[in-house]
Each structure stands twice: as structure tokens, then as C-alpha cells.
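Work the whole structure out from these sequences, hints included.
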Amino acid sequence: VKLIFAVFLLSVFLLSCAQPNYQEPTKPNAPLTDDKPKPPPNNDTTNPTDPPPKVECKHVFAKTQTCLNYKWTKSATATEMGTIDLFLATLEAPQIPVNLNYTLAVVLWMPSMGHGSRPVVVEKNSSFIYTASKIFFIMPGDWEIRFQIKLNNELVDEYVVKIII
Amino acid sequence: MSMLLKLLSSIFILFLSAESFAASCCGGGFALPSLITSDDRAQITTSISQGSVKADVTSGGVWYKRNYTDQTQIYKIEAAHIVADTFQVGVTLPVQMRSRQIENSQQSSTGLADISAAIGYEFLPDWNYNPYRPKGIGFISITLPTGKSIYESSDGVDSRGRGFFAIGAGVALTKTWRELDAHSSFELHRSFDKVTSNENGYGNIKPGLGSSFTAGFGYNRGDYRFGGSLTWNYEQAVETEGYVNSLSEEQKFATANAVLSYMANETWSYSFTYADQTLFGNPQNTTLSQSISLSAQKRWSR
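Order-wise, the sequence lines are chains A and B.
Our numbering applies: residue 256 is where the first sequence begins, and numbers increase by one.
Our numbering applies: residue 4 is where the second sequence begins, and numbers increase by one.
It should be emphasised that the hints constitute simulated quantities derived from the structure, not laboratory data.
The structure presented is a predicted model; accordingly, all values stated were derived computationally and were not measured.
It is possible that some hints are incorrect.
The list that follows gives simulated cross-link-like pairs (lysine-lysine, BS3-like), each with its CA atoms no further than 25 Å apart [unchecked claim]:
| # | chain 1 | residue 1 | chain 2 | residue 2 |
| --- | --- | --- | --- | --- |
| 1 | B | K57 | A | K417 |
| 2 | A | K329 | A | K379 |
| 3 | B | K68 | B | K255 |
| 4 | A | K405 | A | K326 |
| 5 | A | K326 | A | K417 |
| 6 | B | K255 | A | K329 |
| 7 | A | K389 | B | K68 |
| 8 | A | K326 | A | K313 |
| 9 | A | K417 | A | K379 |
| 10 | A | K405 | A | K379 |
| 11 | A | K379 | A | K313 |
| 12 | A | K379 | A | K318 |
| 13 | B | K209 | A | K417 |
| 14 | A | K417 | B | K301 |
| 15 | A | K389 | A | K326 |
| 16 | A | K405 | A | K313 |
| 17 | A | K417 | B | K255 |
| 18 | A | K417 | A | K313 |
This is how it looks when you write it as C-alpha cells:
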């Protein structure tokens, strides 16, 4: 009985051994996009007879049909706060920055665990460029950066970027 | 001698049944209630544990090492008392200190974690002459959301509990053969919806079912016992409605415990426990910790 008991316990424990699959976060310091905030186009130099240049919008707010342009000015890591500059533009080329009467918000969300992180501070620092600062992820893992367009604190539109910290 | 061994092992098994198993990121998991599995009338256990987060595991099973310090200290008082011949009540009061140090910046938070209470019923008395039949105790437990949850926390450090009102039920079995003993327990719990708010906004959090299963053994020699146990924990996905609409992933982790216990006399015993969540199981969507704890237990015989 002792032997069976011991073999059973040993088997249970050994079969349960963890198999760690350690990885390094993928490019934790890399910007999520190569997009750079673009200055408003100088319409004076545009020849009305030329076809509009094709500009691909990589990040589209589906409901409001606006284009999100953003760039990490300071990358966020597991230990450091980050900063993002962002602005909205029209989808159609040429992309013209839009100044909506909406509020822009940025929410950090860990979808697998279903919780957020520290609040992100979003400030308008020019006529159309916003700065999202104090971006800090409270734990390593898979995260979402949820760019939100709000009206009277109600969510109007949302664009989600996935990132691993 | 045989009876003494049975007494010792029954008492030492208590230390295992009083362990709580939590993914330390979120104060998660579910505390098994403090139960009397020996023939005592009452018991009080005090313990202090020091834990450190070692890794984070995604829902896809990818592990990431923690590169900063995230530590938890838990001070716990557990009490149980027989209220009738086969009924007992127990309560667990945990206080948690959480600290996180990132380079030169340190944050910490101290406060009450989730309080739990239980009613137990000995449905299967131990028959010493029967080599197979175990002692069985069924229990119903409640957990009060006295600790702030990760869903309400805005920085993660002040999260000291799962933060949901929960009702659970389970069974604990113990058996002793001379110098060997074994124990096992299973519990199922249901956590209930909660409206939360923090600086990010309001949300309605909908948790689901969770369960845990423990199997362990011990070897007794004189006044000492060396034991090991393994506990598997499972939590269903959590749905969030509000400032973010989201359905999380299920959470799984296993906690291995190694315990060295010493019985000073018939009423006092002490225990040292090493717990490690990185060794066993197929963890998913959780943080993994290692911890040590010291506990002292005072008992009153019937």
C-alpha cells in the first residue's frame, strides 16, 4: 500500500511539472507605428488638376471615419512611463487634420485579465495635436491601448492597438 | 505510538488546509477555509508570509520574467471552533502589505484583504481500524470583498483581494497510515457581479465560477512532519461592461507547497512553508509567485 501510494503521488507530481515557455517581450521599446504627426497640408501648393496623393490610413476610427495618427515620443516599458503624440485626420487624401468637438481619451487595458492600468493624461497641446502622457502598464503581458473618442463622457468611437509589454 | 502519530499528522495537516492560494498580481484565488480536522475543540492559527512575483504568464502560456520587485506580505489570523459534535465554524482575517519597487521609485499599500468564513460538517468520521476510509469534512464558505480588487485599483499596488462576494462549497478528506498521511480537498465557488469605479471610469464586473483541488501527503517522525501538497486553481473569465467592454480569459495556476512542522507540545505547533507557483501545472493568464511563511497554532482539546 505504501509503495502504491508513493508511486501514485510521485506520478501526480511529476506529470504536473510546469514547462515554462519564457520569452522576451517583443520590441518593448519600439514605436507601435511609423506614423508621424503630419503638419496640415499647404493647400496653396496643391494643383487642383493633380489627382490626390494616395495616403494609406493605418488606424481608422470606424464609426466617425477619421484617421488616427500617433507616435511614441517616449516608449513605455514595464518600468517606465511613456508618452504618445496623436492627432485625428480625414480618411480621404490629402489627410487633413480634423478638430472634432469630441474628447479624446486613452485607456490602457489588459484584455486577458480584464482590468485596466493607471489613468492616462490626454492634453491638447496645439490646435490639433494631443499628447497622451503618464502611460504606464502596471504589469507585464498583453495589453491594449484603447484610443477613444467621447462626447459628453459617452463613448462614440474606439480604436484598439495591441502591444506586449 | 500509532495514535500519537495520527494525532500529530491530523494537526499538521491543518496547516495545509489553511493555506490560501492566490495569484499575487490580483490578490486572486480563493482561500480554503480554516477547518478543524483533528479532534480538537478550537484552534487559532497566526501566520506571516512573504511572497515575491517571479513571472507573468499570458493566456497563450508565454512566460515573462519580472524585472522589478513586486512583493507581498500577508499577516493572517485564522480561527475555528466546534459548535456541535460535528459542526464547526471558521473565519480568516488577512491583512496584506503590497510593495512594488521600480528602479528608485517605490509604492506600497497596506490594508485588509478578503475576509472569509466557513461552516463545516464532519460527514465522514475517521475509523482508525479501516485502512482506506478517510475523515471527510464538507464546508460552505463565503468570501467578503473587503480587499480592493484589481478592477478597482488604478495602480495595481493597492489591489489586495479578488474583491467579489463569493460563496463556495467543498469537501476535505484526510487519512493517516502510521507515519504517513494524505489529504485532499476540492471546492467550487461562485463570485458575484460588482459595480466598480476608479479614475478610469465605471464598470460592471461579472466574474464566474472558480474551483481548486488539493492533493498532499506527509511523513511524520517524532514531533516533526514533512509534507508536500499541490493545489490547482481555476477561475472563469471575467466580463467587463462600462468604460471598456471586454471578456477576459480564464485563469489557471498551480501552487506547490513544502511544509516542515514542529509540534512543541499538545497545544502548540509551528510550521514553515515554502510555496512556489512556477514549478507545476500549465499556468495561464496569471502571475506566478514564490513565498515563504511561518505560522503558529494554538489548540484547545475537547
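Taking the hints in turn, this is what the structure says about them:
no.	hint	in the structure
1	K57(B) / K417(A)	holds (24 Å)
2	K329(A) / K379(A)	holds (17 Å)
3	K68(B) / K255(B)	holds (18 Å)
4	K405(A) / K326(A)	holds (21 Å)
5	K326(A) / K417(A)	holds (14 Å)
6	K255(B) / K329(A)	violated (34 Å)
7	K389(A) / K68(B)	holds (23 Å)
8	K326(A) / K313(A)	holds (12 Å)
9	K417(A) / K379(A)	holds (24 Å)
10	K405(A) / K379(A)	holds (15 Å)
11	K379(A) / K313(A)	holds (22 Å)
12	K379(A) / K318(A)	holds (22 Å)
13	K209(B) / K417(A)	holds (23 Å)
14	K417(A) / K301(B)	violated (52 Å)
15	K389(A) / K326(A)	holds (15 Å)
16	K405(A) / K313(A)	holds (21 Å)
17	K417(A) / K255(B)	holds (23 Å)
18	K417(A) / K313(A)	holds (14 Å)
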